[in-house]
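K.L.:
The residues making up each chain are set out below.
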Amino acid sequence: MNLDYTPDEIAFQQRMRAFFAANIDERLRALVRTGTRLEPREYVAYQQLLAAQGWGAPTWPTEYGGTGWTPTQYYIFEAESARADAPQQFHQGLELIGPVLFTYGSDAQKQKYLPRIISGEDWWCQGYSEPGAGSDLASLKTRAVRDGDHYVVTGQKIWTSYAHAASHMFCLVRTEIRPRRQEGISLLLIDMKSPGIRVRPILTLDERHHVNEVFLDEVRVPAEDLVGEEGKGWNYGKVLLDRERGLSAALGLRLGQYVRVVKSRAAAVRLGATTLLADPGFRDKLAQIEIEMLALEYMGLRTLADAVAGLDSGPRASMLKIRWSELIQRITELWVEALGYDAACFAPLDDATDLPADMPSPMASYLHARVTTIYGGANEVQRNIIARRSLGL
Amino acid sequence: MDFLLTAEQDLLRDSITRFALEHGDFAKWRRALPAGPHNQAAWSQMAELGWLAIAVPEAAGGLGGSAVETMLVMEGLGRALSREPYVGTAVIAPALIDDPAILAAIIAGETRIALAVAETGNRFNLAAAETTATGGTLTGTKSFVHDGATADWFIVSAQTGPALTLHLVPRDAPGLTITPIRGPDHRHHARLTLANTPTRPLQGGLDALESAVDRAIAAHLAEAVGSMEALRDMTLAYLKTREQFGATIGSFQALQHRMVDIALACEEARSMLYFATLRLDAPAPDRRIAVSAAKTRIGQTARFVAHQSVQLHGGIGTSDELPVSHHLKRLMIIETLYGNSDHHRARFAAATDAA
Ligand SMILES: Cc1cc2nc3c(=O)[nH]c(=O)nc-3n(C[C@H](O)[C@H](O)[C@H](O)COP(=O)(O)OP(=O)(O)OC[C@H]3O[C@@H](n4cnc5c(N)ncnc54)[C@H](O)[C@@H]3O)c2cc1C
Chain A
1 MNLDYTPDEI AFQQRMRAFF AANIDERLRA LVRTGTRLEP REYVAYQQLL
51 AAQGWGAPTW PTEYGGTGWT PTQYYIFEAE SARADAPQQF HQGLELIGPV
101 LFTYGSDAQK QKYLPRIISG EDWWCQGYSE PGAGSDLASL KTRAVRDGDH
151 YVVTGQKIWT SYAHAASHMF CLVRTEIRPR RQEGISLLLI DMKSPGIRVR
201 PILTLDERHH VNEVFLDEVR VPAEDLVGEE GKGWNYGKVL LDRERGLSAA
251 LGLRLGQYVR VVKSRAAAVR LGATTLLADP GFRDKLAQIE IEMLALEYMG
301 LRTLADAVAG LDSGPRASML KIRWSELIQR ITELWVEALG YDAACFAPLD
351 DATDLPADMP SPMASYLHAR VTTIYGGANE VQRNIIARRS LGL
Chain B
1 MDFLLTAEQD LLRDSITRFA LEHGDFAKWR RALPAGPHNQ AAWSQMAELG
51 WLAIAVPEAA GGLGGSAVET MLVMEGLGRA LSREPYVGTA VIAPALIDDP
101 AILAAIIAGE TRIALAVAET GNRFNLAAAE TTATGGTLTG TKSFVHDGAT
151 ADWFIVSAQT GPALTLHLVP RDAPGLTITP IRGPDHRHHA RLTLANTPTR
201 PLQGGLDALE SAVDRAIAAH LAEAVGSMEA LRDMTLAYLK TREQFGATIG
251 SFQALQHRMV DIALACEEAR SMLYFATLRL DAPAPDRRIA VSAAKTRIGQ
301 TARFVAHQSV QLHGGIGTSD ELPVSHHLKR LMIIETLYGN SDHHRARFAA
351 ATDAA
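Top to bottom, those sequences are chains A and B. According to our numbering, the first sequence is numbered sequentially starting from 1. According to our numbering, the second sequence is numbered sequentially starting from 1.
Just to be clear, a hint being listed does not mean it is correct.
[Unchecked claim] So, partial list: chain B residues that the calculated Cβ filter (under 8 angstroms) puts toward chain A:
hint, residue
1, A118
2, R123
3, A127
4, A128
5, T132
6, F144
7, A149
8, D152
9, Q311
10, D320
11, S325
12, N340
Everything labelled a hint here was simulated from the structure, so no lab data went into it. Every residue, glycine too, gets a C-beta built ideally from N, C-alpha and C.
Take these sequences, add in the hints, and give me the full structure.
P.N.:
In structure tokens, the structure reads:
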């Protein structure tokens with residue numbers, strides 16, 4: 001056992017560090033540092049910057065335009081990106097549909113779609129959840145009926161992140177009613193400009209527009225945009241589970257950003273002759289969170305080492321996600337606490353008004369962090385899965 | 001000893017329940033947000049029902065009611081997510097102002113009053129004002145005035161030599177700048193800057209201020225309990241109706257236990273609310289212990305209830321389109337108001353040392 005990078009990895013780290021230092025402007029850093037959610041165009045610009053470097057798909061194999069990096073190199077890339085307050089790449093195209101396409105897609109689909117994910121020309125949204133099918137995704141009802149060389153899709157999706165900005169949606173639909181509900185589900189690639197698609201915004205509790213309802217009314221989808229086999233769509237998510245180990249190792253890296261802002265904000269809050277940062281009660285709370293972040297980091301490193309060695313890390317990837325979501329909720333809550341009354345200053349009521357330092361980001365980040373224990377599989381459901389599959393309960 | 005309501009208090013509770021039903025319709029509430037922070041009809045109705053007179057002494061034409069009546073009103077307002085400036089106007093102001101004309105205006109629903117004590121330099125410490133009152137004028141900045149954007153009068157704390165003094169400032173006073181700021185709770189708060197603003201000094205000093213603020217805290221804690229119980233009720237109803245995996249989600253044991261913890265937290269909070277409310281007239285050390293203990297524990301239980309109510313609703317709990325997240329936001333503001341849980345735990349410790 002040792003914690004050191006190899007000389008090659010150290011050289012790689014230095015290259016990454018130099019890149020981020022030279023290429024991320026202060027405006028973007030400030031947005032990331034203060035936890036501001038980026039606009040789609042900002043994500044696209046960042047994607048283009050990386051693509052120009054040949055790093056558009058840091059987790060993909062070279063044959064599909066990826067970097068072919070080892071899990072450790074990817075980890076270093078993410079660590080340096082986080083250290084520089086660079087953004088995270090938008091993941092739905094890169095991590096959720098890209099790998100499914102290069103694993104199960106047709107040659108035509110690979111050629112058509114993969115390069116445009118890397119270049120940032122296409123933006124993919126995930127059309128899985130429905131009003132009646134959240135945790136119980138297999139109960140989804142959106143129907144696709146074959147009609148000649150098309151599928152005709154009718155139904156409703158909900159919570160679709162960035163559907164309003166997306167060029168395409170990868171969508172789970174029911175092509176057949178089978179006694180086992182996971183069967184008869186197919187994965188379709190849908191052009192968001194297709195007639196019959198209507199997107200309605202839903203504001204989230206941070207007052208931002210990020211999720212949507214997507215209504216599909218007899219939307220015609222060419223049969224060539226079916227991924228893999230009809231009725232087998234449920235199984236294609238498996239490739240994502242296998243990749244999760246490498247990705248989740250890096251989850252905790254972005255939390256350090258919040259520790260930095262909480263510290264600098266607390267140092268500016270006066271408490272009589274001293275500051276909030278020097279207050280023993282506040283220090284205790286912050287240290288406690290930092291310690292748990294270290295536990296997350298080292299749990300991540302062990303998972304990373306397993307991924308490098310091709311070992312099974314059991315439920316650790318799901319465990320990382322559970323702890324990460326809980327920690328981001330606690331650190332953003334502490335950020336709000338540090339601000340005191342300033343956190344109540346959420347929006348100006350006229351053009352002339354300036355808000356207190358950092359606002360509204362701390363409050364918006366705290367509020368938005370509430371979604372992290374719900375999306376991508378709520379923590380209760382994650383725990384059910386660990387109990388059943390890993391612990392045999 | 002008992003925790004029963006008198007017959008009159010029972011009637012008051014019925015009437016606030018009806019009021020909350022009438023004005024608490026969430027779709028209407030949400031539609032009204034762009035129109036500003038207040039519902040004039042609701043405020044007038046509150047005046048007609050005598051609620052604005054509860055804390056005003058009988059000698060000044062008020063009802064001279066007890067903190068229990070204030071509590072009943074505030075619970076209802078919390079449940080309905082009311083944004084009316086009840087505490088500043090009808091709880092704090094009558095405790096600090098004795099001008100008969102202003103008290104009459106409060107009763108009639110013709111004025112709104114806000115307390116301006118917070119400064120960036122004092123965090124939650126009422127005793128440390130950097131705003132100064134010298135030669136009949138006030139100078140300084142108040143960084144956060146709850147409901148301040150629409151107040152007609154401000155009660156401003158300031159330092160005069162070694163003493164903390166209180167002052168009444170009308171919204172059109174010379175040298176006063178009011179910067180309105182919207183909270184995540186959709187209330188219109190404000191920042192005040194005072195530059196040689198003429199003052200009307202008020203009678204009391206720090207003791208009077210602390211006592212008035214303790215009353216305000218108890219009132220906001222009643223609001224919090226109303227809000228928490230609203231969350232409890234809507235979450236319980238959701239667990240009984242939302243189906244996943246072919247069953248209501250309330251049939252899953254993990255959620256049953258969480259729901260029990262929510263209900264338990266509400267019971268704890270209500271118990272602490274009674275403790276604080278019934279000790280408001282006790283000697284200062286006892287009052288401090290009760291109010292700070294309640295502020296701390298209700299702050300903690302409120303966060304738990306609000307966070308878990310969002311969680312148990314799943315995606316829909318995180319949307320702006322349900323009251324759940326709005327209760328969360330209001331509860332977070334109440335948690336901060338007049339000192340967060342950490343501040344009050346420290347105040348409690350100091351008060352128990354002194355006792
Ligand atoms: C901000 C945000 C962005 C999202 N983005 C997308 C997206 O881009 N694409 C997409 O397809 N979806 C997206 N989602 C949807 C997300 O995946 C679902 O919200 C999530 O799966 C939960 O489903 P639900 O909201 O229907 O809650 P429900 O499934 O109704 O759950 C309600 C509560 O019940 C609990 N529960 C459910 N079943 C069990 C059980 N068996 N045991 C114990 N507890 C249980 C849940 O944990 C939760 O607390 C997003 C959601 C959010 C909030």
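K.L.:
So which of those numbered hints doesn't the model satisfy?
P.N.:
Violated hints (numbers, rising): 3, 5 and 8; every other hint is consistent with the structure.
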